[in-house]
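Chemist: Protein sequence lines correspond, in order, to chains A and B. By my numbering, the letter at position 2 of the first sequence is numbered 2, and the numbering carries on one by one without gaps. Here my numbering runs 1000 ahead of the position in the second sequence, where the first position is 1.
Simulated from the structure, these hints should not be mistaken for lab results. Incorrect hints may appear among the rest.
With a straight-line Cα cutoff of 30 Å, these simulated DSSO-like cross-link-like pairs (lysine-lysine) come out [what the hints assert, rightly or not]: (1) B/K1029 / A/K169; (2) B/K1018 / A/K177; (3) B/K1283 / A/K157; (4) B/K1245 / B/K1283; (5) A/K157 / B/K1018; (6) A/K157 / B/K1245; (7) B/K1248 / A/K147; (8) A/K182 / B/K1070; (9) A/K169 / B/K1018.
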Amino acid sequence: METKVQGSNTFLQEICAIPGGEGIRLCIQCGTCSASCPNVNRMDYTPRQLFAMARAGMREEVLSSNSMWFCLSCYLCTVRCPRGIKVTDLMHALDCLAVQQRLSSGRTYTPTMYRSFSDFVYSIGSVPEMSFMIWFYLLTNPLRAMKMMPMALSLLKHGRLSARARRLKPEAERQFKAILDKAESLGGIR
Amino acid sequence: MRYYTYFPGCSASHGGAKAYDWSAQAVAKALEVELIELDDWNCCGSTPYTSVDELASYCVSARNLALAEKRGLDLVTPCSACYVILNRTNSAFREYPALRAKVNEALAAGDLEYHGTVNVRHLLDVFANDIGCEEIASRVKGDLGGLKVAPYYGCQVVRPSPGFDHPESPESLDRLIKSLGAEATPFPLKTRCCGGSLVISEENVALELAHKLLDSASSNGAECIATVCPLCQTNLDVYQSRINKKFKTSFNLPVLFFTQLMGIAFGIDRRSLGFEKCIVSPKEVLAGYIER
Ligand code: SF4
Ligand code: SF4
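In isolation and in its complexed conformation, chain A is listed as follows:
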């Protein structure tokens, strides 16, 4: 019991240290967020449950759940929460902790998708989303990529699949990289 409480404190502190995460302390468990969420049926735990579990220090259960990966960032919970909690940001904070602590759920492709998206941004500063889409399908599930071929062809036919990505000018690219490398050396937001 002792260790559980200890654990709960650190986990809760980690969440509160991320901008937007601190609101979790204000939650009154009213369930407005869960009732508003268009994707709640897909989640292992509803947002309300997730926040209660997090406050009880259930790190593994929370961070390895699929719940926050099914958040669509539609901000409906955020505008409705009676406590003014930035619920969507709180979900993203949990995503980040799951990634950092290598606990992200393996039952959804979303963490992989987000990861590859960020890698794209990091390497060229922008994301040609249609090409990214096809590339991601090939990466995760070649079989599914085959099924997407008709869609890819029709995108191509309508001029919506560009092979060439937008590139920054060399000096801008250097600036962009310098900023991100510095961010990395600052080691996250805590």
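Following the hints, complete the assembly by docking chain B with the ligands onto the known chain A.
Modeler: Then chain B with the ligands, alone, in the frame of chain A:
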């Protein structure tokens, strides 16, 4: 002439939504609005990035804002996802001094600094509120008399609040559509989510959400849908055939950027409005309006 700094975003500039950028530019010109593209902008920071590495995503976002700040104009974007992310960085700058200091430390490595003063706007806000519907109506050459359009806002153009319109029952796009002479159909789901980028990783989730939207729009008599976001356009248009297959439906609803509709009403040459990029062809629905 009104001047704005313009942030097209990846999708409208080089991705699948070029038609949005083209039509936005053409319509802006007709309204004597100059959209001056931000030099060497990068990805807005993006929702996926915020879910993987918070600090890096704030830095990516803040580089754009720091560049825009030097110009001193409002920063306008046609993409709801860019709009929400750039604004998120702005409010984080106001509320979290420690984060602000860290982001500025990183920006300093690129000789930049951001003071948090850029006003980030959505293109719909600029057209509906800065220009206004009266002015828009006065530019209409061939009105869209009776064309039934479902006004689809999606989530991020109106949320989180406080924004420029009501977070759950906004009216600005409805008003704009009416000012073109078209009819804005009732659309109870007008601010429900299209599925966003989850269409890539969890296709079934997004198809279900998008199906509900198409169903609501068509059962309320819409002949086409007007969108204000590249992601929404993609999910409803590009994936419409997959939705039909999955739900055994036969929707054939063109999904247009609101700027494309404005373009037709203003009598702008349709070749500069990018209709050929629509997967669900709007030809039939628009036939009577374009030929005039
Ligand atoms: S709506 Fe707000 S207060 Fe209510 S359960 Fe959700 S996060 Fe907690
Ligand atoms: S922002 Fe995420 S958690 Fe909140 S209602 Fe939308 S999908 Fe659900």
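Chemist: It remains to establish, for every hint, whether it holds in the given structure.
Modeler: For each hint, the structure was consulted:
Among the hinted pairs, B/K1029 with A/K169 is consistent with the structure: their alpha-carbon atoms are about 27 Å apart, no more than 30 Å. About 27 Å separates the Cα atoms of B/K1018 and A/K177, which keeps this hinted pair within 30 Å; it holds. A distance of roughly 17 Å separates the Cα atoms of B/K1283 and A/K157; the hinted pair therefore holds under the 30 Å criterion. A threshold of 30 Å between alpha carbons decides the hint, and for B/K1245 with B/K1283 the separation of about 23 Å falls inside it, so the pair holds.
Restraint check: the Cα-Cα separation between A/K157 and B/K1018 comes to about 14 Å, which is no more than 30 Å; the hinted pair holds. Only pairs whose Cα atoms come within 30 Å are accepted, and A/K157 paired with B/K1245 is accepted, the gap being roughly 21 Å. Taking the CA atoms of B/K1248 and A/K147, the gap is about 18 Å. The hint holds against a cut of 30 Å. For the proposed pair A/K182 and B/K1070, the alpha carbon gap of about 22 Å is at most 30 Å, so the pair holds.
For the hint linking A/K169 to B/K1018, the alpha-carbon distance of about 21 Å falls within 30 Å, and the restraint holds.
Violated hints are absent here; each numbered hint is respected by the structure.
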